[in-house]
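Residue numbers (the working numbering), protein chains in the order written: chain A, 1 to 298; chain B, 1 to 298; chain C, 1 to 298; chain D, 1 to 298.
Just so you know, the hints here were simulated from the structure itself, not pulled from any lab data.
Possibly wrong hints are sitting among the right ones.
The list treats identical chains as one, so a pair stands whether inside a single copy or across any two.
Lysine-lysine pairs mimicking DSS-like chemistry, simulated, CA-CA at most 25 Å apart [to be verified]:
| # | residue 1 | residue 2 |
| --- | --- | --- |
| 1 | Lys-99 | Lys-228 |
| 2 | Lys-236 | Lys-296 |
| 3 | Lys-236 | Lys-203 |
| 4 | Lys-296 | Lys-55 |
| 5 | Lys-143 | Lys-155 |
| 6 | Lys-150 | Lys-203 |
| 7 | Lys-288 | Lys-55 |
| 8 | Lys-155 | Lys-236 |
| 9 | Lys-55 | Lys-143 |
| 10 | Lys-155 | Lys-228 |
| 11 | Lys-236 | Lys-143 |
| 12 | Lys-203 | Lys-288 |
| 13 | Lys-143 | Lys-106 |
| 14 | Lys-55 | Lys-155 |
| 15 | Lys-203 | Lys-143 |
| 16 | Lys-288 | Lys-236 |
| 17 | Lys-203 | Lys-155 |
| 18 | Lys-203 | Lys-99 |
Nothing here was measured: the structure is a model prediction, and the numbers come from that model.
There are 4 protein chains.
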Amino acid sequence: MQLGLIGLGRMGANMAQRLVEGGHTVVGYDPNPDAVRRISRPGAVGVATLSELIKPLEPPRAVWIMVPAGEAVTETIHALLPHLSRGDILIDGGNSYYKDSIQRAKALEPRGIHFLDVGTSGGIWGLSVGYCLMIGGEEESFKRLEPAFKTLAPKEGYLYCGASGAGHFAKMIHNGIEYAMLQAYGEGFELLNASPFEFDLEKIAHLWNQGSVVRSWLLELAEGAFSKDATLEGFKGVVEDSGEGRWTVLEAVERGVPAPAIATALFRRFRSREEEAFSDKFIAALRKEFGGHEPKRK
Amino acid sequence: MQLGLIGLGRMGANMAQRLVEGGHTVVGYDPNPDAVRRISRPGAVGVATLSELIKPLEPPRAVWIMVPAGEAVTETIHALLPHLSRGDILIDGGNSYYKDSIQRAKALEPRGIHFLDVGTSGGIWGLSVGYCLMIGGEEESFKRLEPAFKTLAPKEGYLYCGASGAGHFAKMIHNGIEYAMLQAYGEGFELLNASPFEFDLEKIAHLWNQGSVVRSWLLELAEGAFSKDATLEGFKGVVEDSGEGRWTVLEAVERGVPAPAIATALFRRFRSREEEAFSDKFIAALRKEFGGHEPKRK
Amino acid sequence: MQLGLIGLGRMGANMAQRLVEGGHTVVGYDPNPDAVRRISRPGAVGVATLSELIKPLEPPRAVWIMVPAGEAVTETIHALLPHLSRGDILIDGGNSYYKDSIQRAKALEPRGIHFLDVGTSGGIWGLSVGYCLMIGGEEESFKRLEPAFKTLAPKEGYLYCGASGAGHFAKMIHNGIEYAMLQAYGEGFELLNASPFEFDLEKIAHLWNQGSVVRSWLLELAEGAFSKDATLEGFKGVVEDSGEGRWTVLEAVERGVPAPAIATALFRRFRSREEEAFSDKFIAALRKEFGGHEPKRK
Amino acid sequence: MQLGLIGLGRMGANMAQRLVEGGHTVVGYDPNPDAVRRISRPGAVGVATLSELIKPLEPPRAVWIMVPAGEAVTETIHALLPHLSRGDILIDGGNSYYKDSIQRAKALEPRGIHFLDVGTSGGIWGLSVGYCLMIGGEEESFKRLEPAFKTLAPKEGYLYCGASGAGHFAKMIHNGIEYAMLQAYGEGFELLNASPFEFDLEKIAHLWNQGSVVRSWLLELAEGAFSKDATLEGFKGVVEDSGEGRWTVLEAVERGVPAPAIATALFRRFRSREEEAFSDKFIAALRKEFGGHEPKRK
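Bound conformation, chain A alone (with noise of 0.2 Å):
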């Protein structure tokens, strides 16, 4: 089928490669010239203008955006609108978070803009795997777009989640759940790492690998990274958050739903960006003034 594809960073990219791989036709924009340079090749148009993006496609048209979670997805359908027809589909393939693609498919509706909320796992590995996607919306869009979904999955790798917003919410979980498992392997690793014996790390995710209870597509990810830097010691203990874990503990603390593996997830990354806590320097003071215990001072 045919697709219009907004936003041609990495994820955007190697989308449109396994499109076109897949016999899709592909229009794609960014504001970037070369990165839209980058995308053509038979079968995919890079274009510099929203305008040139809509002209080629036949409608009823399919819009798949693929681009950061919030402002840019707001501005990217506002500037889109003009240019779009009843009928048309536009699917938001990005992290964005699921009230937003709830009120997202809401406000497009009565002008008869369908709308897909599609959350998409496999980072960089989705190219040569396929990407697992989570898709909410309409069930007759969901089966308009499903040749491309074909193509973009690894077999049985998307799947109808239910209403709007249902695809972002199930990759909001996934992603949380992504957070607790990487704490987990993480507390492991650094326990091993701590003992008097002297594991070899790499070996010991090789083989968790075979047959233990603990497999899984992380832990042959460690295995690659243990590989290139036994020690680790060339990264620092510095971990970053998109939205999807804060998310998934907001959504904990609304439902009432105790979440205390995947907060602890997120609140050890950031305590790993604070040089040093605050509370930790009032812990400090008050030991000195109830057990004159001498604090470290700077």
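With the hints as your guide, set chains B, C and D onto chain A.
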């Protein structure tokens, strides 16, 4: 090679079968006559006493112990000792505490008995998939037993981890990670289940196993669990724990290494076994004291 | 000074009494006629409508709102607005979300109505001890109301905290701390209760209030609670939460500040309200899948 | 009454002073001659050897040990033993592990030496306010020492808690609670500090001590800390821990009692002492592997 095997429960019996199918000869002992009977087949002999176990084994012998951790291991070694001679190797394949294994190796050394501690992962799937084996002790003893390890484990599924205790240490950490991974998935699925959407949890688990970042063997098992009981309504929310999760937290405390996600997972298991928590009663009582908040009374 | 007071529940009625005893004049309104009747005494008049409330107040008026956070505050302000004039001051003494208070102050500003957000701690003990008041808004409005604050609070028990929202923000954090303190004591007393010793928990609470590092007002209340029910057997282990603990965690997430102990306390309250946790059923189901561990079934 | 006192550090010296001021006679020993010299005053004699300590004490003697937990206590008792006779009482007033105290009482019993374990709270404030004393051992020995306890503690500030170990157990839990309370306040003040408002933290601490729900002695100390260093900029965010927090978590693990807030507080102390966490490096490395997220490199 020829092996003595003590403990023919689910794990032991499966291991015996895998060893025999791999061309080894097994003499198996269990206090339970039914277990002894079940093991017998070409290549495997079941016996009713420890002296009968020892008799057919040619020195230097290899005796694999597969009994519950703790007292049972100590008693088994104690009962075996009079029958063993210099150069024999004892293998503890159970979930023993690594500090016990270090002690046992040390205690056996003056008698010339070698001791290997072998952490064994794989559960009931080990029979078909093979067991993931983490091995500690003298490297020479490891090499003598390697033919058996090769048969028990899947390809590259066994590793000499280091000095005595290293095998059970690695298994301990493995299980600590497992606790936190299960908690991670558990929280995620609970949030999906409490959401305003109507997710099909089996389908989500299956979907996430197709190329997503959180794909894993445990998540494959989740598919199986949801396929048998979509709402898990047949299960009580009560989770047992064996020793390894506890030991992992003890290790973290002793070494001064933070392990908040693993501890969280362990404490949630404890909590699952409390019908109600005394701490919650305490807080309810205090809220009444300061705010007049009328608590739920019995 | 003269004050209008809306909301004559437990908190409002007690505050009215304290204000009158301090020489102020109170006109109180509540939709519940019984509450209106109970408040009347020399210095306090109860009325049945908002217009009756406004009539006796001399401009510039001061109207203190003491109703549940959320919708009730919005509706009260909405109903009041037609009766107010430039220079009047509205005081929200309830547990409102600080972001709502910032919005309310901003919305009222063009009409010349001033808004103070006053976090109020002290519970049912405020009547005798005085209320601890955290105050946000314009400093000039704060000064106009200071005579009332002086009466309501114990000596030095009120503070101008800063711009609009600062009062409710401080109260929010105060309650977040309270959640984690209660959890701290709760865990400690549960451990004493589960110990091999036979501690008299009332006596321990009383003892710790004599010169120990953990002495506090909450611990004094614990003495009272244990004196009435030594084993707390009359209480169900179910703990409600109002909004502030949740908002504190939301704030931590939004600001990227770790708050693991407060989040732990909040999630334990959530957990106390689940008869059993779906996450625990999930883990029980998976343990059966990989280890054949027979779970508790219903 | 007459007491021997071993260990004249900050705590020991202050206790000696309080005992003498209460009319008791103290013979004090410390290996440090300066400490011995400082203690001497009417009613207190400092000595340089253990035999000099014993000589002036009339049997049955009472010897109070105030040395660091662990080896120092064991060695002190070992060195004392030849000098003691049946009916003498040893008191361990330090922060010993309650399991050690149970063992020590048991080991001394056949020689007719009584042993009291006395958890002592109050820090450097004990001299003026009195020490909060939690006492375990035989009740008869407790009664013999009661005159000294009465002097050391504030009114009602000592308690016979039960059999040997009960005193140090209560102190252990007391400190576990203290860890979590400090963490609670620390998180709260960090959130205030990171807020968009400009809170004066000393004033907030002072305010909250006036009638609020979270008022406490620790919060009074916080006023003092902020008054000396409003931003705590002179402190490094590094927090030491002694043994009791660790033992509290070990106890929770051994008994199967959840203690998530106390464990959180302990692990945060561990984390404060890591310049960067290996687990964070691990997560940064894996994020690079799956998402190409460029980590901070050294």
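How would you classify Lys-55 and Lys-155 at a CA-CA limit of 25 Å: within, between, both, or neither?
neither (33 Å within a copy, 56 Å between copies)
Intra- versus inter-copy proximity for Lys-155 and Lys-203 (alpha-carbon distance at most 25 Å)
For Lys-203 and Lys-155, the Cα distance is within 25 Å only across copies (14 Å; inside one copy 31 Å).
Same-copy or cross-copy closeness of Lys-236 to Lys-296 [CA-CA at most 25 Å]
Both: 23 Å inside a chain and 5 Å across chains, each within 25 Å.
Under a CA distance limit of 25 Å, which applies to Lys-236 and Lys-143: within one copy, between copies, both, or neither?
Neither way: Lys-236 and Lys-143 sit 45 Å apart in one copy and 39 Å across, limit 25 Å.
How would you label the pair Lys-236, Lys-203 (within, between, both, or neither) given a Cα cut-off of 25 Å?
within (23 Å within a copy, 38 Å between copies)
Given identical chains, is Lys-288 near Lys-55, meaning Cα to Cα at most 25 Å, within a copy, between copies, both, or neither?
neither (71 Å within a copy, 38 Å between copies)
At 25 Å max between alpha carbons, let me know whether Lys-203 reaches Lys-288 within a copy, between copies, both or neither.
between (45 Å within a copy, 20 Å between copies)
Since the copies are identical, ignore which copy is meant and state whether Lys-155 and Lys-228 lie within 25 Å (CA to CA) inside a copy, between copies, both or neither.
Classified as between: cross-chain Cα gap 23 Å, same-chain 31 Å, threshold 25 Å.
Using 25 Å as the alpha-carbon threshold, which applies to Lys-288 and Lys-236: within, between, both, or neither?
So Lys-288 and Lys-236 pass the 25 Å test across copies only (12 Å; inside, 31 Å).
Using 25 Å as the alpha-carbon threshold, which applies to Lys-203 and Lys-99: within, between, both, or neither?
For Lys-203 and Lys-99, the Cα distance is within 25 Å only across copies (23 Å; inside one copy 43 Å).
Quick one: Lys-155 to Lys-236, C-alpha cut-off 25 Å, is that within a copy, between copies, both, or neither?
For Lys-155 and Lys-236, neither the intra-copy (37 Å) nor the inter-copy (35 Å) Cα distance is at most 25 Å.
Taking 25 Å as the upper bound on the Cα-Cα distance, should Lys-55 and Lys-143 be classified as within, between, both, or neither?
within (24 Å within a copy, 65 Å between copies)
Violated hints for the displayed structure, listed by number in ascending order: 1, 4, 7, 8, 11 and 14.
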